[in-house]
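Chemist: Sequence:
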Amino acid sequence: MCDPMAIDVSLPTGAVTLPFPTEGDCKQRTVPARKSRSVRSTNAEKRLRTKRAKRKLARLTKNIPKLVRPNPIAFFVAHLENVLEDWVTILVRTRSPSSITSSDPFVATAFQLLDSTINESGTMRSRFAHIQLLCIFKSLEDMIASERRAGQIQRQRGRRNASVAITIYKNAQQRPVSGRDLIERKRTARRWQTLAGPSPFFLVIYSEVAETLVKRSSKIDKRTLESLAASILQKAPPKLINACQRLAETAELATTQDQSFDKQRAIEEIRHDLLDLPSDS
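Residue numbers 57 to 337, in our numbering, belong to the letters of the sequence shown in order.
Note that these hints are calculated values from the structure, not bench results. Check the hints yourself; a few may be wrong.
[Claimed, not checked] Here are the in silico distance ranges between beta carbons for each label pair:
(1) 275 <-> 316: 46 to 56 Å
(2) 154 <-> 332: 40 to 50 Å
(3) 122 <-> 154: 34 to 44 Å
(4) 332 <-> 254: 16 to 26 Å
(5) 101 <-> 206: 38 to 48 Å
(6) 332 <-> 205: 49 to 59 Å
(7) 332 <-> 239: 37 to 47 Å
(8) 148 <-> 318: 34 to 44 Å
(9) 240 <-> 103: 25 to 35 Å
(10) 332 <-> 156: 43 to 53 Å
Every residue gets a Cβ at the ideal spot worked out from N, C-alpha and C, and that includes glycine.
Using the sequences and the accompanying hints, generate a full structural model.
Modeler: Here you go:
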């Protein structure tokens, strides 16, 4: 009797016997994942933005001769004493004493003095005041951070030191000004600082065209401006850069009221080096 569940292994089936695969034959094939359409689109947008930024930088670099004065060394020498006096005056009148707090009336007074000078549009004093405005903000934010750690200022969620500093700046205004306008003023100051590079006095070499560049924030982004400033600094005569740094050191010494410091002699030494004149000594 035939058992329907029994299989006669002697009967040919016509099937080809395949060897059992070993572990080495079972390697999993890695198929690279295909990037989604959104990722490809994002990468394409990044490449396009980079290409546009390079084109914009190339156009701006061609305009460097317009941004820098025709004969920067001669102009610098001619205005050496005046710009030094302007910067020293700003430092003396607005530099925060080490012992004050963020609520000290001196902070509001310093902001008001700087705002008044900033409004002298197109002057070197205005450019210097933008630089000092950032210094005041840095000092103020450090005060606020210290007072928060000491428990002297109540912590508020979402209120960073910079936000508190902007509020203090806004309260110091002598006329109604929006917070957005004050933030834009601070952003303008950062652009001047970028162009200043190693010293506030490097701003002396920039022409009036730079005023337009700094104020038109929508026309140039931060990275492009930094690249442009680096290119200008690279092309500047080394002795001019050195003179700017030495003049900044002279200004710092002049603010100490040290009677032994000979400011006029320091100025003459810088002038001699810029003009390649023989030293008097």
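Chemist: Hint by hint, say whether it matches the structure.
Modeler: Consistency of the hints with the structure:
no.	hint	in the structure
1	275 <-> 316: 46 to 56 Å	holds (49 Å)
2	154 <-> 332: 40 to 50 Å	holds (41 Å)
3	122 <-> 154: 34 to 44 Å	holds (43 Å)
4	332 <-> 254: 16 to 26 Å	holds (21 Å)
5	101 <-> 206: 38 to 48 Å	holds (47 Å)
6	332 <-> 205: 49 to 59 Å	holds (53 Å)
7	332 <-> 239: 37 to 47 Å	holds (45 Å)
8	148 <-> 318: 34 to 44 Å	violated (18 Å)
9	240 <-> 103: 25 to 35 Å	holds (30 Å)
10	332 <-> 156: 43 to 53 Å	holds (45 Å)
When held up to the earlier numbered hints, the structure conflicts with hint 8 and nothing else.
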